[in-house]
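> Here's the letter readout for the chains.
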Amino acid sequence: MAKYLVLIFQDETVTRQSDGESISPAYQEFMQRRAGSLLNGAALQPATTATSIRRDGSGGFSVTDGPFAESKEVLGGYFLVEAGDLDEALEIAKEVPAGIGVEVRPVRMVS
Amino acid sequence: MPAAASSEVAAAVADAHRREWAFVLAATLRVAGDIDKAEEAVQDAYASALATWGPRGIPKNPGAWLTVTARRRALDMHRRAATEQRALPKLLEPEESLTDDQALAAEDIPDDRLRLIFTCCHPALAPDARVALTLRLLCGLSTADIARAFLVPEATIAARITRAKKKIAAARIPYRVPAASELHERIDGVLSVVYLVYTTGHTAPSGADLMRRDLAERGLELAGMLRVLLPKDSDVAGLLALVLLTDARRDARVDHNRELVLLEDQDRSAWDRAAIGEGVALLREALSGRPPSRFALMAAIAAVHDESGSWSGTDWQEILGLYDLLMERWPSPVVQLNRAIALGFAVGPAEGLAELDALGADPQLARYPYLAAARADFLARLGRPGEARVAFEEALILTDNDAERNYLRARLGELPGLTKG
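Read top to bottom, the protein sequences are chains A and B. My numbering puts the last residue of the first sequence at 323; the count rises by one with no breaks. My numbering puts the last residue of the second sequence at 433; the count rises by one with no breaks.
The set of hints was computed from the structure by calculation and includes no laboratory data. Where a beta carbon is used, it is the ideal one built from N, C-alpha and C, also for glycine. Among the hints, erroneous ones may be present.
Unchecked claim - Cβ-Cβ distance ranges computed for the label pairs, FRET-style:
| id | chain 1 | residue 1 | chain 2 | residue 2 | range |
| --- | --- | --- | --- | --- | --- |
| 1 | A | T225 | B | W342 | 30 to 40 Å |
| 2 | B | T64 | A | L251 | 49 to 59 Å |
| 3 | B | H268 | A | G313 | 47 to 57 Å |
Turn these sequences into a full structure, and let the hints steer you where they fit.
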């Protein structure tokens, strides 16, 4: 089995509104259906609450307000899923009721 | 086996390379577990064929000999790697439980070529990587060959292939024929890759010659291979029909100076009747698929031309109707463009031109030379040489293929009312 991180992207205006709400029925349903494959997951606070830290190249940090990459599509949450191969991971990911869509990234195995 | 002369050996190895590469590699991949190791083992097997088929004689079944040799080599490599280190993520777990005898028994080696095709054409890979991987792994083309075929620097193709292989391993793109529920969609992806290989060879996007026959032939071979592996699939039948019906005209498309000859002026007696016959039979089968695929509809259009005795006798109404169906099935600006051209011949150049002008605003066609060339042709037929000149010049700017450029220049030269400015 391999692990994949499913990154959930949403329109920024949507994530702003969803602050504080409970998990939507669509997500609850998905999480129940795929409970056997979901290792972990979370919904994130809006991108406006993000803080980015970049290495400044001389041993220090530059801390800025906002997400790492400015974009209309923002990271709204994630699931860590376990699947036998990419096709299985994509099947699961297609069922995530994400606003815009998801990105599926294999997790690097570190020994 | 009797000893063989070195020229005979070289010819036999070259022939086996062309015919058996995909089978040998696909069978070896199961044992090797990753693509690089499998490729290395298969290359070693071909090298060893060159070295040993002379003194020992050419085996009766070269494909089986190569497969057994490559699988043995992969098993050795795998055992060594297993004791040395934990290797990179694998495409699949090698079949370690196989005993040597089982792994090397030539008669029950399964045909894994279909798995290999679906891996190479997986939608999670970039489209240009799918094409490069397919040519490399299924046709056995070297990186240099692929680079030459697409007129791209070798380093670009090498990077493309390396990146794709890394993704296959890291993301675990499976080595498997897709489940029935997604098979249809995945086959369409494979057919698109094969068709792209064929069309890139049929009309080269750039360069001195109109065609790159080596690439067109690889496209034909791949379409034929798919037909063998998926004999009941009507979409596959449609693609092979399209490629055969298009390729049947190859010898008439250029003259003895390697210049482009348009369909209108082609010597129809030079068309390949055997290919047309085969294509038409496949087309009948392809059209029985409900609804017919876009490849089947395009093949049907090609068949109308192929079966018409002359340009003037072409049934343009039939072609127009087929383009209407194609627009329903596969709406795209390029199909619309071709439909407009058919309309111009079915109804009249003024009607065709009006449709083409309406397409002028489409951003997808902004740099598409055939739009300007088609406008130019209708303008010339309508006796509007000044506007035709502008359109031919625009087409010339957008065209990189020398044979097509020469044709456009010739048409420019034929326009009446040319005055030195």
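> Work down the list of hints and note, for each, if the structure agrees.
Hint-by-hint comparison with the structure:
no., hint, result
1, A/T225 to B/W342: 30 to 40 Å, "holds (35 Å)"
2, B/T64 to A/L251: 49 to 59 Å, "holds (52 Å)"
3, B/H268 to A/G313: 47 to 57 Å, "holds (55 Å)"
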